[in-house]
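Based on the hints, put chain L in the right spot on chain A.
If you're matching them up, the sequences are chains A and L in order.
Mapping of the first sequence onto the numbering used here: residues 1 to 117, in sequence order.
Mapping of the second sequence onto the numbering used here: residues 118 to 229, in sequence order.
Bear in mind the hints are in silico, worked out from the structure with no lab data behind them.
Treat the hints with caution; some may be incorrect.
[Unchecked claim] Subject to a maximum C-alpha distance of 27 Å in a straight line, what follows is the list of computed DSSO-like cross-link-like pairs (lysine-lysine): (1) L/K196 / A/K43; (2) A/K43 / A/K65; (3) L/K196 / L/K172; (4) L/K225 / A/K76; (5) L/K229 / L/K196; (6) A/K76 / A/K65; (7) L/K172 / A/K43; (8) L/K196 / L/K225; (9) L/K172 / L/K229; (10) L/K225 / A/K43.
The structure displayed is predicted, hence computed values, not measured ones.
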Amino acid sequence: QVQLVESGGGVVQPGGSLRLSCAASGFTFRDTGMYWVRQAPGKGLEWVASIWYDGSHPSYADSMKGRSTISRDNSKNMVYLQMDSLIFEDTAVYYCAKDGWGSLDYWGQGTLVTVSS
Amino acid sequence: DVVMTQSPLSLPVTLGQPASISCRSSQSLVHSDGNTYLNWFQQRPGQSPRRLIYKVSQRDSGVPDRFSGSGSGTDFTLKISRVEAEDVGVYYCMQGTHWPWTFGQGTKVEIK
Numbered sequence: 001q002v003q004l005v006e007s008g009g010g011v012v013q014p015g016g017s018l019r020l021s022c023a024a025s026g027f028t029f030r031d032t033g034m035y036w037v038r039q040a041p042g043k044g045l046e047w048v049a050s051i052w053y054d055g056s057h058p059s060y061a062d063s064m065k066g067r068s069t070i071s072r073d074n075s076k077n078m079v080y081l082q083m084d085s086l087i088f089e090d091t092a093v094y095y096c097a098k099d100g101w102g103s104l105d106y107w108g109q110g111t112l113v114t115v116s117s
Numbered sequence: 118d119v120v121m122t123q124s125p126l127s128l129p130v131t132l133g134q135p136a137s138i139s140c141r142s143s144q145s146l147v148h149s150d151g152n153t154y155l156n157w158f159q160q161r162p163g164q165s166p167r168r169l170i171y172k173v174s175q176r177d178s179g180v181p182d183r184f185s186g187s188g189s190g191t192d193f194t195l196k197i198s199r200v201e202a203e204d205v206g207v208y209y210c211m212q213g214t215h216w217p218w219t220f221g222q223g224t225k226v227e228i229k
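Same shape as in the complex, but just chain A (with noise of 0.2 Å):
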């Protein structure tokens, strides 16, 4: 079945760095594009960025524009998220979401950033 285990959140304080990583099973993640999409305390869903299967075409949105990398290994069906100058609205939930041909078929359990000084 598919597993999708989201790790590599945290507290940071403001303009502090943080790295997710997302670790996928039960697919063949070589084909498959993936999604970065976050939810802020008591707010609604918001994509992040996104990666083509081959890890070309990386996109954000325009609030992590400039901040933030996303970048995967096929080799250990890992999809990752850098993000740098880290600011108080960066507080959330990220989820690691696979594509599923305009959808986002299955989401994995999500990992907690607070941004705090």
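Positioned in the frame of chain A, the structure of chain L alone reads:
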């Protein structure tokens, strides 16, 4: 970006009664390939989102048939024929036709 507008934002429902959520997009969601990539997700309290419906009306495996999706163009609806206690949560529509993909604000379904 395509704006997705859901209504209502809060929906108190009596157990066993129907519920309906509207989702409207700021532009047509018909893709150049002929498909309409409108999705519905359920997020139960404390859980991650789960896809219920894709391409307007296709129900995911394991989703009860009391959930149904309909609509076209810019106007879409998620219906629950008879609300059960396990349906409590927030429901989001999401369009996957135009880049970047965008979500509605969410509709909170609760039991009266």
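Original post:
Given the proposed pairing of L/K196 with A/K43, does the C-alpha separation stay at or below 27 Å?
Top reply: OK: L/K196 and A/K43 at ~23 Å, within 27 Å.
Original post:
Going straight from one Cα to the other, do L/K172 and L/K229 come out at no more than 27 Å?
Top reply: This hinted pair is violated, its Cα atoms lying about 31 Å apart.
Original post:
Between L/K229 and L/K196, does the CA-CA distance stay at or below 27 Å?
Top reply: At roughly 17 Å apart (the allowed maximum being 27 Å), L/K196 and L/K229 satisfy the hint.
Original post:
Given the hinted pair L/K172 and A/K43, is their alpha-carbon gap at most 27 Å?
Top reply: Between L/K172 and A/K43 the Cα gap is close to 25 Å, so the pair holds against 27 Å.
Original post:
Is the straight-line distance between the alpha-carbon of L/K196 and that of L/K225 27 Å or less?
Top reply: 14 Å, holds
**OP:** Mind checking the alpha carbons of L/K225 and A/K76 for me, to see if they're no more than 27 Å apart?
**Re:** Violated: L/K225 and A/K76 sit about 38 Å apart, past 27 Å.
Subject >> L/K196 paired with L/K172 [C-alpha distance capped at 27 Å] >> reply: 15 Å, holds
Original post:
Taking 27 Å as the top limit, are the C-alpha atoms of L/K225 and A/K43 close enough?
Top reply: Holds: L/K225 and A/K43 sit about 11 Å apart, inside 27 Å.
Subject >> Pair hint A/K76 and A/K65, alpha-carbon separation not exceeding 27 Å >> reply: At roughly 26 Å apart (the allowed maximum being 27 Å), A/K65 and A/K76 satisfy the hint.
Original post:
Do the alpha carbons of A/K43 and A/K65 lie within 27 Å of each other, as the hint requires?
Top reply: 21 Å, holds
Comparing the model with each numbered hint stated earlier shows that hints 4, 9 do not hold.
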